[in-house]
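4 protein chains.
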Amino acid sequence: MTQSHFILTIRCKDAVGIVAAVASALADADAFITESSHYGDEATGLFFMRTVFRPTGMRVFRRDDFAGALAPVVGRFEMSMDLRDAAERMKVLLAVSKHGHCLNHLLHQWHSGELPIDVVGVVSNHDDLRRLVEWYELPFHHLPMDDGKAAQEARFRDAIAASGAELTVLARYMQVLTDDMCRHLEGRCINIHHSFLPSFKGARPYHQAHARGVKVVGATAHYVTADLDEGPIIEQETQRVGHNLDPDAFVRIGKDIESVVLARAVRWHAEHRVMLDGRRTVVFA
Amino acid sequence: MTQSHFILTIRCKDAVGIVAAVASALADADAFITESSHYGDEATGLFFMRTVFRPTGMRVFRRDDFAGALAPVVGRFEMSMDLRDAAERMKVLLAVSKHGHCLNHLLHQWHSGELPIDVVGVVSNHDDLRRLVEWYELPFHHLPMDDGKAAQEARFRDAIAASGAELTVLARYMQVLTDDMCRHLEGRCINIHHSFLPSFKGARPYHQAHARGVKVVGATAHYVTADLDEGPIIEQETQRVGHNLDPDAFVRIGKDIESVVLARAVRWHAEHRVMLDGRRTVVFA
Amino acid sequence: MTQSHFILTIRCKDAVGIVAAVASALADADAFITESSHYGDEATGLFFMRTVFRPTGMRVFRRDDFAGALAPVVGRFEMSMDLRDAAERMKVLLAVSKHGHCLNHLLHQWHSGELPIDVVGVVSNHDDLRRLVEWYELPFHHLPMDDGKAAQEARFRDAIAASGAELTVLARYMQVLTDDMCRHLEGRCINIHHSFLPSFKGARPYHQAHARGVKVVGATAHYVTADLDEGPIIEQETQRVGHNLDPDAFVRIGKDIESVVLARAVRWHAEHRVMLDGRRTVVFA
Amino acid sequence: MTQSHFILTIRCKDAVGIVAAVASALADADAFITESSHYGDEATGLFFMRTVFRPTGMRVFRRDDFAGALAPVVGRFEMSMDLRDAAERMKVLLAVSKHGHCLNHLLHQWHSGELPIDVVGVVSNHDDLRRLVEWYELPFHHLPMDDGKAAQEARFRDAIAASGAELTVLARYMQVLTDDMCRHLEGRCINIHHSFLPSFKGARPYHQAHARGVKVVGATAHYVTADLDEGPIIEQETQRVGHNLDPDAFVRIGKDIESVVLARAVRWHAEHRVMLDGRRTVVFA
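Protein chains in written order, with the numbering used here: chain A, 676 to 960; chain B, 676 to 960; chain C, 676 to 960; chain D, 676 to 960.
Take these hints with a grain of salt, some might be off.
Intra- or inter-copy, both count: the list cannot distinguish identical chains.
Below 25 angstroms or equal to it, Euclidean Cα-Cα: the simulated SDA-like pairs (lysine to any residue) are [as the list claims (entries may be wrong)]:
id	residue 1	residue 2
1	K773	E841
2	K766	G862
3	K876	A700
4	K766	W943
5	K688	L920
6	K824	R686
7	K766	D923
8	K876	D904
9	K766	A829
10	K688	G732
11	K688	D923
12	K766	R927
13	K876	H918
14	K688	A886
15	K688	M733
16	K688	R887
FYI, nobody ran anything at the bench for these hints, they're computed from the structure.
Assemble the whole structure, with the sequences as input and the hints as a guide.
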């Protein structure tokens, strides 16, 4: 994209004329739509829209110009609206414990320019992955649990605030966040759970899955909420497993699924493709 | 859908203001959009749109009223436009040879009300599946090849014309259509090829796949064109296979994939979700 | 297979020398092994084996001859052993309520010679699918629930006994069996559950899945046990779903998965490929 | 595995008594079989076997003891036999050009102890990935093409020889090897092709796939042979793609599939699970 593009996302009560109003405001501003998706959820009565456009007019348009052009529509339909320059990368803070596969995958994708985010640092309750993080010339915040969860979470929050991160990604961070922290990060914290939720919540899900004798394992990327492993699901994927595999093999196979599923969820969130619809998500992938 | 719904599909050169114009015309007619997708192909410069809406106004609106309301927009953007009552089921003629799995799946889905089509008959160059077809109280046209392909295809065309079918589905019909017949049915004939195209074109694809030692087999539903097995792909699906399976097992496993893939392609076409974009298809699934 | 083949399955405590003993007994009887799998579960200490062989010797060998040849080995390792003529098709009774998709798929596969079973009849608590069953010239046992579950299950048991069925398949049979009936059918009754177990046990799983906002749905074929939806899993499969699909679409998509998963489980059971290993199954597919 | 284990692989003409002979030789040596698979290909008349066992006897057994115990059987059936200590990791040399995703995945899996190989170095015709390789404290052999392919390949061969590598992995190495080099590495060189072979051989397969309008893309790990992209396939995997994705998105999605497929193939080869059966492979996964 050599030209500037903007990403517009809208969420409001569904009604006649929304698309017409938004599209007309954009057309009047000479915006050329390159990508657009909308969805009206008949169950909740909510309307969701994501539109990518670029200016085409003689008048050079900036983000704020478009925001101004859309303001009457936003007011009329009482929309919750977000408008971003597509070139502006979302700042992301990663959190990890000792399993480095998700972290390694995200850092590689980011570093090779494939993942449109701006990684601003890595938080960990262990020091094991410092060397990997430092190879990428990123700040590594070692926040051990020694002084108790409250103190550690306070430092975690400070790290998020100081980094300017809009999104926190729990890339196999093996600590349960307090309700308070969950609420603080609502809608801007993604976790990878190493099972096909809602099966096998909680600890050692691959061992649970093995004991139950499943023939397919999976992983789930979801927004963190105070309700453990119950947050809105962004993405899931599965993989077949045979009877000859032991729990360790489930763990190993699961790592590939986790890495891919989490990276997809982070990408979609960073591209403003994911919107909350009650306990569900709308994903304009 | 207790209320009437309409399905609008549009194809035209991409430009600023198309969505605004279409959506405004619909909003002015008090149409409530329940589903909408559009796509601009930057490579071909073409724009595609599919919108489902229902009337909400005091004024009772029929299809022709909406068509009239959209006419100026259609003219302005030189659109190819199609507008259908969603309750109107597409008439479909099925063609089959001796393998009944795709036919059986389509007929069951249709009969149980899951597939929104109106099956108007079955054509076959063999008589083997007559009893199955007649159980469904459908006309069975036995059109053997005895008098040569030209004569048989003439009768096939007559059957299509007489049935009023808008779509012909080759549900494992093991005859290669002549170029002439392909052109006659362009864009309104779907074939299921029993391989993951473009791999293994032509005859006995599962045997080719087995000889090549693939670890995954697949099936492909595509529009029929004069270029054998080269038509625009609508849907594909794959399934893993092990070294211990012989070609007959590939064939057996393939049957399930073929049935599912073909039924999906027929559904999407019948719901006006598939649009041609050069050699590719846009599928608003 | 123009020649006769035999299928040998063995289950015993694992030990040194089992394979040697079995294979030697077979070799001494001039049996040519065409397929063989074994598995020792280190967690349970159990050994499982499935071997397919054909006689090659001058001496004509029947099933009982091979059973005799194996008897010393069976005794020595205290094996639970089963030996079948591969040409002998397992008698199977199907049970269904009103959703005919699994039944239709099984009957078509059986009728076209692809599923190596001998369907001996269909039981249903409703009369809706009688015409389909009778087209296949099979006995249809309409066993309504009018007189209560106890009376109905007694008639169900009688139907199983009278038919000589070795396997009962609940092909979307929407009645919960009593504990007594479950125990009676232990290890010889397969159910299809329309979710990816252990997620969404119980009623209306697709609606549960939709409410939870999953991105993948699935189906599970398992042995029936008194513990509802907790029986050993034979096979599972999944399919992606988008936010734009409502619960009815989940149901529809699920039907294809259910049909395929159940048919696979029935095939594997009928070919003696499935063995119980505690709560898990060993599947030599 | 705290105890020593051995991996036995056998390939020979199929016959009565092979399993009996091998298993008896092992049982006589007090070997406890923990994993075993065999397969007789009726088409080629070849027999393949892979058995993992551990010594249980009082007499301490080493690899050579078991080899001696098996020698008579190997001679009798004219077997090609291989016997390895399972703890002995295969030495592997990686080759790469500029795309680092497969390399990064393999190195991470190896470094975290998940991939049972011993990486002995990385060869590249570019210098771009040196820093990544050196982080892992591995030798990086920069072998540019400046002096022509013949000279470069000579140095490549020298690097293989000097490293003691038993396997060379082309992890997106974008040079076509000469016939001579292919023959030199026959059966000990794995390539990842970024398409679902045999579709889209040669260059820019994702662009080919996009132009053809496929709905599924894939990747293929195969042994390198002089016949480009025609070598025996070890593993394949696929992923759905939509019409809204451009060739660059195909490339990006493909990278995840390539990484996972190649790592699986390398693991299976390193665990002696892959055997050549003409143009096909037997994979005891």
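Results for each hint:
no.: 1; hint: K773 to E841; result: within (24 angstroms within a copy, 32 angstroms between copies)
no.: 2; hint: K766 to G862; result: within (15 angstroms within a copy, 46 angstroms between copies)
no.: 3; hint: K876 to A700; result: neither (46 angstroms within a copy, 47 angstroms between copies)
no.: 4; hint: K766 to W943; result: within (14 angstroms within a copy, 39 angstroms between copies)
no.: 5; hint: K688 to L920; result: between (49 angstroms within a copy, 19 angstroms between copies)
no.: 6; hint: K824 to R686; result: neither (36 angstroms within a copy, 50 angstroms between copies)
no.: 7; hint: K766 to D923; result: between (35 angstroms within a copy, 23 angstroms between copies)
no.: 8; hint: K876 to D904; result: both (6 angstroms within a copy, 18 angstroms between copies)
no.: 9; hint: K766 to A829; result: within (20 angstroms within a copy, 47 angstroms between copies)
no.: 10; hint: K688 to G732; result: between (31 angstroms within a copy, 19 angstroms between copies)
no.: 11; hint: K688 to D923; result: between (48 angstroms within a copy, 23 angstroms between copies)
no.: 12; hint: K766 to R927; result: between (30 angstroms within a copy, 21 angstroms between copies)
no.: 13; hint: K876 to H918; result: both (22 angstroms within a copy, 23 angstroms between copies)
no.: 14; hint: K688 to A886; result: between (45 angstroms within a copy, 20 angstroms between copies)
no.: 15; hint: K688 to M733; result: between (34 angstroms within a copy, 21 angstroms between copies)
no.: 16; hint: K688 to R887; result: between (43 angstroms within a copy, 21 angstroms between copies)
Going down the numbered hints, you'll see the structure goes against 3, 6, while the others check out.
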